[in-house]
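Participant: Chains as they are written, first to last, in the UniProt record's numbering: chain A, 1 to 267; chain B, 1 to 267; chain C, 1 to 267; chain D, 1 to 267.
Treat the hints with care, as some may be off.
No copy labels: a pair is met if it fits in one copy or bridges any two.
With a straight-line Cα cutoff of 27 Å, these simulated DSS-like cross-link-like pairs (lysine-lysine) come out [unchecked claim]:
| id | residue 1 | residue 2 |
| --- | --- | --- |
| 1 | Lys-110 | Lys-169 |
| 2 | Lys-173 | Lys-110 |
| 3 | Lys-78 | Lys-154 |
| 4 | Lys-110 | Lys-78 |
| 5 | Lys-169 | Lys-154 |
| 6 | Lys-154 | Lys-43 |
| 7 | Lys-124 | Lys-110 |
| 8 | Lys-249 | Lys-110 |
| 9 | Lys-249 | Lys-154 |
| 10 | Lys-124 | Lys-154 |
Because the hints were derived from the structure by calculation, they are not lab data.
Residues per chain, in single letters:
Number of protein chains: 4
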Amino acid sequence: MCPPPSTTEVTTSTSPSTENNDHLVTSSDPNHPANLIPSLCAKFWHLGWVTGTGGGCSIRSDDLVYLAPSGVQKELMKPSDIYVLSLSSQPTDPEERKQRVYLRSPPQYKPSQCTPLFLAAFTKRNAGCCIHTHSHWAVLVTLILESTPSLNSKLFEINNIEQIKGFGKGHGKVGNLGYHDTLRIPVIENTAHEEDLTEFLEEAMDQYPDTYAVLVRRHGVYVWGDNVHKAKTMCESLDYLFQLAVEMKQLGLPWITDIEPTLPTRK
Amino acid sequence: MCPPPSTTEVTTSTSPSTENNDHLVTSSDPNHPANLIPSLCAKFWHLGWVTGTGGGCSIRSDDLVYLAPSGVQKELMKPSDIYVLSLSSQPTDPEERKQRVYLRSPPQYKPSQCTPLFLAAFTKRNAGCCIHTHSHWAVLVTLILESTPSLNSKLFEINNIEQIKGFGKGHGKVGNLGYHDTLRIPVIENTAHEEDLTEFLEEAMDQYPDTYAVLVRRHGVYVWGDNVHKAKTMCESLDYLFQLAVEMKQLGLPWITDIEPTLPTRK
Amino acid sequence: MCPPPSTTEVTTSTSPSTENNDHLVTSSDPNHPANLIPSLCAKFWHLGWVTGTGGGCSIRSDDLVYLAPSGVQKELMKPSDIYVLSLSSQPTDPEERKQRVYLRSPPQYKPSQCTPLFLAAFTKRNAGCCIHTHSHWAVLVTLILESTPSLNSKLFEINNIEQIKGFGKGHGKVGNLGYHDTLRIPVIENTAHEEDLTEFLEEAMDQYPDTYAVLVRRHGVYVWGDNVHKAKTMCESLDYLFQLAVEMKQLGLPWITDIEPTLPTRK
Amino acid sequence: MCPPPSTTEVTTSTSPSTENNDHLVTSSDPNHPANLIPSLCAKFWHLGWVTGTGGGCSIRSDDLVYLAPSGVQKELMKPSDIYVLSLSSQPTDPEERKQRVYLRSPPQYKPSQCTPLFLAAFTKRNAGCCIHTHSHWAVLVTLILESTPSLNSKLFEINNIEQIKGFGKGHGKVGNLGYHDTLRIPVIENTAHEEDLTEFLEEAMDQYPDTYAVLVRRHGVYVWGDNVHKAKTMCESLDYLFQLAVEMKQLGLPWITDIEPTLPTRK
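Based on the sequences and whatever the hints tell you, model everything.
Facilitator: See the structure below:
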């Protein structure tokens, strides 16, 4: 869930600059972030990823970050609901981070607690888009990991599935994972307040520098990419793999196997 | 199901006032209750919540209550199909309750047996919207509770799942449940006639004053909220949790766990 | 599947009368059978009931019967694809039945082998609409019945589920089944040629005069009703119950239970 | 996945002929291949067959082959994204095959590694359309086959299910499979590079001359047909059977049974 943050947060720009900066979310281009976030969120709602106002999506365009507000029905979101902030103007000190200033704020909403998590992907990975889902496949994967003694509860691992090729090798690396590679997604424990996940998400990013996603136990997943296309298609591929993994578990099939490569014979 | 009530009910206003009060269901505002009930019901039909004319939705706006008729295909409903009644003019005596008078009645339909159940949420909780689904996840949860000796068959309980934060703490209380809180939804037994559920629903509301939902064994769930937004998003979150609970059961995972909170280290 | 019938069938009216009777399938009324069959079939395709040209739907309006052709993609059907025949003009002798004459035939299609099965519902039950689905829930129910020694493999039975109230008590009877009533749907064995199912379907109708549906082993279900509304909503309710039954089986829950009625205390 | 092919491939026609041949993908006819591929792919995306840019679809019209590019979001594809090549002008030598020349190339994309697999269906079977899905039902079937000692891991077999009648008897043969016939779909092992699947796909086509589909272990399925209608409806029927097979496995039901035919008694 992305409820509003604790009361210490002040959205200082709400009153005067709101009117001035509505141009930041006004565009006739369907690929403008303020139009794309609502259309993506509606798509995600139909996929069951952002049920009951849970989950969300943020897009970065150069220094500008576009964010959905807290508690909005994701299939009904409008461009005028979007927050905009300047990434370079954000305080780096954790204590000051809560005093977030927005370039543009929607009149009737509150900012989302997911904000610092989205910003971590933008700051630490130079991502262009970050998606957060509550997909129950993601939640079930973390529950299976937690309750299966033979598995590392802090790491989802799967190999030898074609869809793994949908993932890049890692930030700054060229190309995608191969069919026989092992996809590894770290799992962090959920915290009572979503914003408190930030430090653990950042730790997981440091520990797994090549990952494009972090699972949150009993909560969902954060997925990012260099741009909207990559974040969205990796999020789809990951949800496909989570579903497959749950179904494999129900059929008693292991996620990791040792398969001899099949080599071409005629070249 | 919300079939028409027993034959003792008389819809006295059907003949003369129908024409006069069509203005109560005529509006160009998509958020007018007479427009919103059909669009919500169509959405619920696609979610599998109101299959085969089962289930429904009612909205209260001040003293006016808008209700879907009995036996209508939920994805085809029109504003002109909607009943309207005055909440304050309803008889309080259970015996008289069946002599319900409507301010506006659609010509070719009968009122729904769900009516007194929706009114209970409006009267006892001051709710602005009440949703009734036949979601098979809800039904399966009540069946699992009934057949699992280690569980209290009269109470669905789940904790340590992020989506729980989608629920308010209770009527008149500020804020939402936390991640570690236990969501408790009482279960009442189904009755042969839906209107006879009313007293048991009201009893459950008295026994669980903080609940926003009541499960009905082998039947479905009633969910309400202060307004349409809250009722709809809580209903979505609840269905998500029912689905997750059934899948957890299939994987042998418990609904209630004792998890040590993960605390932030850097503030 | 509804492939074209055996080669002995002659659609004698195809050539001359086709042009003359196109008015039978031309209407601006969305509820005209020639418009309704395509829109219903598109809806059924999205529900997974008529995958891969399987299944279908027929509507009777007085003496005229409207039928989808064989082998058409159900989500792409058009009014001009519809066959029309006169019910009273059909031969009653089984041998002659194959020499079916159509009032209106689409130029490029063949009639469906489902035709005599739809006609059985119209003739023997005076139905106004008959729906045939290949829903895999229906197929799974017949497979479970076939392989569970404690169950009667020729009869699907379920009770004490609210959705059962979506079914009428039977042709010519007033009112619907109650919550505690047992819904009984006979199962017939599949035949190599779909048209050969007709006599077994008719036998099942004779043996279960109150049923509105017949399951076909490893194939699907036929559901009918007095009109489109009743056939469609009963078909939805039945598919809901089939899905629930499969899920109950997976959870080890029985379909038939002995539940003490919960009686109201205050009236 | 259909990532771009290895770097040895040269799309020589990209620069000069692109502008000239845009007419090959420009048509107001919704059934023109350049319009049909995007609309089919959008439909497949909603069915979960082409998640995360995986899978695809190619159509042949006489000598012209229309292909989706690599890495495109399948629900967002446009006619201008389509590649066109001449089938008769393709090199037959495997080594030269990689130097593929296109009549028309979209400016910003790369050709798909699936190309030689689609061409195999066109060349060896004279198919008019070939569909490649990553349906997780297909993947699960190959996983079940791999891990069940009593089954032939290289062959999916199912009989006595009505939907089997949705398949033709084989290329050049008249009519469809019957209810009691056994549908057999060969399974090939996945290779690290999708283009390397080609020789194994062709081998499977030689070994099973009547098949219209080949499963790829832990990857998905290729399905083809004489035209778009047949490829699409066979792909739907196959996915239905894969889903049913997985559900049958979960319920402990066998895919192959020995059922006595039910014969008509009255003709």
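Participant: What are the numbers of the hints the structure violates, in ascending order?
Facilitator: 3, 6 and 8
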